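Asks: For reference, the chains in residue letters:
Number of protein chains: 2
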Amino acid sequence: MVTYPGLPGPIICDYLSREASRGRYGPGVEFQIGKIEMVANTGTYLDSPFHRYAGGKDLSALPLDSLANLDTVVIRIGGGSVRAIPRAAFQDVPVQGRAVLVHTGWDAHWRTERYLSGNPFLTADAAEYLVSQDVRLVGIDSVNIDDIDDPARPVHSTLLGADVPIVEHMCRLNLLPDRDVRFFAVPAKVAGFGTWPVRAFGVVST
Amino acid sequence: MVTYPGLPGPIICDYLSREASRGRYGPGVEFQIGKIEMVANTGTYLDSPFHRYAGGKDLSALPLDSLANLDTVVIRIGGGSVRAIPRAAFQDVPVQGRAVLVHTGWDAHWRTERYLSGNPFLTADAAEYLVSQDVRLVGIDSVNIDDIDDPARPVHSTLLGADVPIVEHMCRLNLLPDRDVRFFAVPAKVAGFGTWPVRAFGVVST
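Residue numbers (this note's numbering), protein chains in the order written: chain L, 18 to 223; chain F, 18 to 223.
If you're looking for bench data, these hints aren't it; they were derived computationally from the structure.
Be aware that a few hints might be false.
Claimed, not checked - Taking CB as the label site, the calculated pair distances span:
#1 L:V110 <-> F:G26: 32 to 38 Å
#2 L:S134 <-> F:D195: 18 to 24 Å
#3 L:A37 <-> F:Y32: 36 to 42 Å
#4 F:L81 <-> L:P168: 51 to 57 Å
#5 L:G178 <-> F:V110: 45 to 51 Å
#6 L:A179 <-> F:L192: 49 to 55 Å
#7 F:A101 <-> L:S134: 35 to 41 Å
#8 L:V221 <-> F:E130: 42 to 48 Å
#9 F:A101 <-> L:R35: 25 to 31 Å
Said to hold, decoys possible - Derived coverage of chain F by chain L (criterion: at least 3 residues anywhere in the stretch with Cβ under 8 Å from a Cβ of chain L; other residues may be distant):
#10 64 to 70
#11 119 to 130
#12 163 to 175
#13 198 to 205
Predicted, not measured: the structure shown is a model, and the values here were computed from it.
Where a beta carbon is used, it is the ideal one built from N, C-alpha and C, also for glycine.
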């Protein structure tokens, strides 16, 4: 499974197979212990500032309340034909102090060639606006929150420079309402690591 | 960092170093992408039925509502001197249909030799009682929810056999109240994998 162009997919194998485990346990009892080798940027993942900045917070330094139970708004970008998502997409929405999820529908292309290029992304100006509004986290259902063809990566630089975590490769944002969502994207606390796969989800008020 | 006796700690390195990344990005822009090699049972982790049973649910098959936003009770096992935690520890507590976290204080020994043997654990009878009460998940701040010296592993067998996920190596359960906690321990959806590190936490009603 390739998540990002140029990065290898994870390698999974047995560390302890069920067969080999039988000698360690009682009659009829067996376990399997897997081993994984993976790059940080695998699956749906969360970036901490350390991914971009050597002096930035790593996964172990992220406060829990920057990752969990976040009051959240979902922005719908229509039709799948928009690439550059501008400041104006956020200006009429109550983003201040909230997490912001950007629903583009690009996840429809996951695991196809099309997913890996020509992605929807935020403009540098949009990122600056979101930071000016003290947003807590920004997520998107795209291969990159930056234009994958722009080596300046202004959105990563601006958001992570302001301690705003980023979630990429989200999917099924259509299942969330636009408002009244509590969002969770909580990586393991791995010191010296900048990015980690997450099972991201929203809890909806009922 | 060794989590469990006999299992290797994780190996972390650069996949793409900041220095090497500079050629890929614009002036002044750099990223670090880490690589990790780890066994599934690393850090605080959640076991799915697949860890014990070849036909059991793996991480990717666990319903989100078996892992997140769980109505939870915390059981306090006093003094750190009790090893075998019996059915009676749960019988006067409203465990039915809830997640149950067992606070023993054993996390005080984390990263010492003492942590790795002589652990507090649930009895087979306690596990059967919890399943009879339709508990949703069981967590403990110990190196193993079973007696590490009992190769029959009855608690893993009973709980995972009833689709009840297990969280081990928890810490700081003293920070949670006994009741009115919503508990979260959400692993990445890794197919063919049985166990995964989690940043487990409770949301407390205020």
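Asks: Now tell me, hint by hint, if it's right for this structure.
Replies: Hints, one by one, checked against the model:
The hinted window of 32 to 38 Å between V110 (chain L) and G26 (chain F) is violated, with their beta carbons roughly 45 Å apart. Hint check: S134 (chain L) to D195 (chain F), Cβ distance near 53 Å, so the stated range 18 to 24 Å is violated. The supplied range of 36 to 42 Å is broken by A37 (chain L) and Y32 (chain F), whose beta-carbon atoms lie about 29 Å from each other. With their beta carbons about 37 Å apart, L81 (chain F) and P168 (chain L) fall outside the hinted range of 51 to 57 Å.
For G178 (chain L) paired with V110 (chain F), a C-beta distance near 48 Å keeps the hint of 45 to 51 Å intact. The supplied range of 49 to 55 Å is broken by A179 (chain L) and L192 (chain F), whose beta-carbon atoms lie about 29 Å from each other. At roughly 59 Å, the beta carbons of A101 (chain F) and S134 (chain L) sit outside the given window of 35 to 41 Å. Range check, V221 (chain L) to E130 (chain F): about 46 Å between beta-carbon atoms, so the 42 to 48 Å window is met.
For the hinted restraint 25 to 31 Å between A101 (chain F) and R35 (chain L), the CB-CB distance of approximately 28 Å keeps it satisfied. Against chain L, the region 64 to 70 of chain F contributes 3 residues with a C-beta closer than 8 Å to a partner C-beta. That satisfies the three-residue criterion, and the hint holds. A stretch counts as covered by a chain when three or more of its residues have a beta carbon under 8 Å from one of that chain; for the region 119 to 130 of chain F and chain L the count is 0, and the coverage is violated. Remark: the region 163 to 175 of chain F is confirmed as covered by chain L, as 6 of its residues place a Cβ nearer than 8 Å to a Cβ of that chain, reaching the required three.
For the region 198 to 205 of chain F, the stated coverage by chain L is satisfied: 4 residues place a CB nearer than 8 Å to a CB of that chain, which reaches the threshold of 3.
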